[in-house]
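Chains as they are written, first to last, in the working numbering: chain A, 70 to 237; chain B, 98 to 197.
These are calculated hints, taken from the structure and not from any lab test.
Note that CB positions come from ideal geometry on N, CA and C, so glycine has one too.
Wrong hints could be hidden among the right ones.
What follows is a list of derived Cβ distance ranges for each label pair [unchecked claim]:
#: 1; chain 1: A; residue 1: L78; chain 2: B; residue 2: L192; range: 38 to 46 Å
#: 2; chain 1: B; residue 1: N188; chain 2: A; residue 2: G181; range: 36 to 44 Å
#: 3; chain 1: B; residue 1: K196; chain 2: A; residue 2: E72; range: 45 to 53 Å
#: 4; chain 1: A; residue 1: A182; chain 2: B; residue 2: I176; range: 31 to 39 Å
#: 5; chain 1: B; residue 1: L192; chain 2: A; residue 2: V219; range: 44 to 52 Å
#: 6; chain 1: B; residue 1: L192; chain 2: A; residue 2: A178; range: 18 to 26 Å
Subject to a maximum C-alpha distance of 30 Å in a straight line, what follows is the list of computed DSSO-like cross-link-like pairs (lysine-lysine) [claimed, not checked]:
#: 7; chain 1: A; residue 1: K161; chain 2: B; residue 2: K184
#: 8; chain 1: A; residue 1: K183; chain 2: B; residue 2: K184
#: 9; chain 1: B; residue 1: K185; chain 2: A; residue 2: K234
#: 10; chain 1: B; residue 1: K196; chain 2: A; residue 2: K183
#: 11; chain 1: A; residue 1: K180; chain 2: B; residue 2: K185
#: 12; chain 1: B; residue 1: K196; chain 2: A; residue 2: K94
#: 13; chain 1: B; residue 1: K196; chain 2: B; residue 2: K185
#: 14; chain 1: A; residue 1: K180; chain 2: A; residue 2: K94
#: 15; chain 1: B; residue 1: K184; chain 2: B; residue 2: K196
#: 16; chain 1: A; residue 1: K161; chain 2: A; residue 2: K183
#: 17; chain 1: B; residue 1: K185; chain 2: A; residue 2: K183
#: 18; chain 1: B; residue 1: K185; chain 2: A; residue 2: K161
#: 19; chain 1: A; residue 1: K180; chain 2: B; residue 2: K196
Residues per chain, in single letters:
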Amino acid sequence: MPEQFLFYLFAAVSVFSAFSAVTRKNPVISVVWLVVCMCSLAAIFVLLNAFFLAAVQVIVYAGAVLMLFVFVIMMLNLRTGIIGQLRNMGIKFLGLIITAIILRQIYSAIKGAKALFEIPGQLEPGFGEARAVGELLFTEYVYPLELIAVLLLVAIVGALVLAGKETS
Amino acid sequence: MIELEQLLILSAILFIIGVAGFITRRNVIIMFMSVELMLNAANVALVGFAYHFARMEAQLIALFVMALAAAEVAVGLAIIVTVFRNKKTVNVDDLNILKW
C-alpha cells in the first residue's frame, strides 16, 4: 500500500528531524532540521487531502517563520560561549519524567477514545483544495478570519514597537 | 487509508519532543522553536480529524493556528531581540529579574 508506506516514511523523517532540532547545540542547525520537519509534515498533509494547508505550511512555516528565526539568530550574533547547553542533570531528568507522564496520559486518552473513531466520514471530491477552504472561510468563518487579520496587524505593530529602533 | 490512531500517535510523539525540548533546553530561541513544534503537532491531529471525519472545519482551525503561530513568532522574536539588547544573553537561567 503506497499510502501507508509514504505515511511511515514522512512520519519517520519528521520525528527524526524534530528530535534533531531540539538536541542540536547550534540554533542555526536546529532551524534547518526544523525546516525538514515542517516540509515532511506538509507531505503528510498532502497524504491527508489537505492540499491548501500543505502549501500554507511550506510558505508560512518553512518560508516565513523559520527564516525569521534565522534572521534573528544571525542578528544576535551568538558566539559559541553564549549558545546555551542543556540544563543541569537534575532538571533534565525531571523533564524526562514529566514528558514520560504526559506521553502515558496522551496514549491512554487515544486508546480510551477509540470507540469515538468508529464512524469515518466520506471524503467528497475537492476536499481540502483551495476552493473548498476558501468557500468555507469567506462564508461561515468570516468573523474568525477578520479577527485573525486584526491579530496579525496587532502583532506586527507590537513587534515594531518592541524591537524597532529606539528614538530618544 | 491512513488510520486516525496512527496520526494521533505521530502527533503525540511530536508534541512530546516539543515539551522535552522546552523543558531541557535553556537557549530561549530553541525553547521557542519547541513551542512551534508543539503547535505543529496539534495541527497534525486537527488535519487527521478532518481527514477521518471528512469535516473541513478542522482544517480551517489548523489554518488559524498557523496564522496565530506567525503572529506569536513575530512578537516573541521581538521580545528576544529586546531582551538580548538589554541583557546580552539568550540563556533563560540568566533572565531572572522577575524572580523574588
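| Between L192(B) and V219(A), is the Cβ distance one that fits in 44 to 52 Å? | Given range 44 to 52 Å: violated, Cβ gap about 30 Å.
| message | Against the range 18 to 26 Å, how does the distance between the Cβ atoms of L192(B) and A178(A) compare: consistent or not? | response | Distance hint for L192(B), A178(A) is violated at roughly 34 Å.
| said: For K161(A) and K184(B), compute the direct alpha-carbon distance and say whether it is at most 30 Å. | reply: With Cα atoms ~25 Å apart, K161(A) and K184(B) stay inside 30 Å; holds.
| query | Straight-line Cα separation of K180(A) and K196(B) no greater than 30 Å? | reply | violated, 41 Å
| task | Would you check the hint for K161(A) and K183(A), treating anything up to 30 Å between C-alpha atoms as holding? | result | Violated - the C-alpha atoms of K183(A) and K161(A) are around 33 Å apart, more than 30 Å.
| message | Does K161(A) sit within 30 Å of K185(B), going by the straight-line distance between their CA atoms? | response | holds, 25 Å
| task | Compare the distance between the alpha carbons of K185(B) and K234(A) with 30 Å, and conclude whether the hinted pair is satisfied. | result | Judged against 30 Å, a Cα distance of about 17 Å means the pair holds.
| query | Between L78(A) and L192(B), is the Cβ distance one that fits in 38 to 46 Å? | reply | holds, 40 Å
| Within 36 to 44 Å or not, the Cβ separation of N188(B) and G181(A)? | Hint holds: Cβ distance 40 Å, inside 36 to 44 Å.
| request: Would you mind confirming whether the straight-line C-alpha gap from K196(B) to K94(A) stays at or under 30 Å? | output: holds, 27 Å
| Pair hint K184(B) and K196(B), alpha-carbon separation not exceeding 30 Å | Status holds; Cα separation ~15 Å.
| task | For the pair we were handed, K185(B) and K183(A), check the Cα-Cα distance against 30 Å. | result | violated, 50 Å
The structure does not agree with the numbered hints 5, 6, 8, 10, 11, 14, 16, 17, 19 stated previously, though it agrees with the rest.
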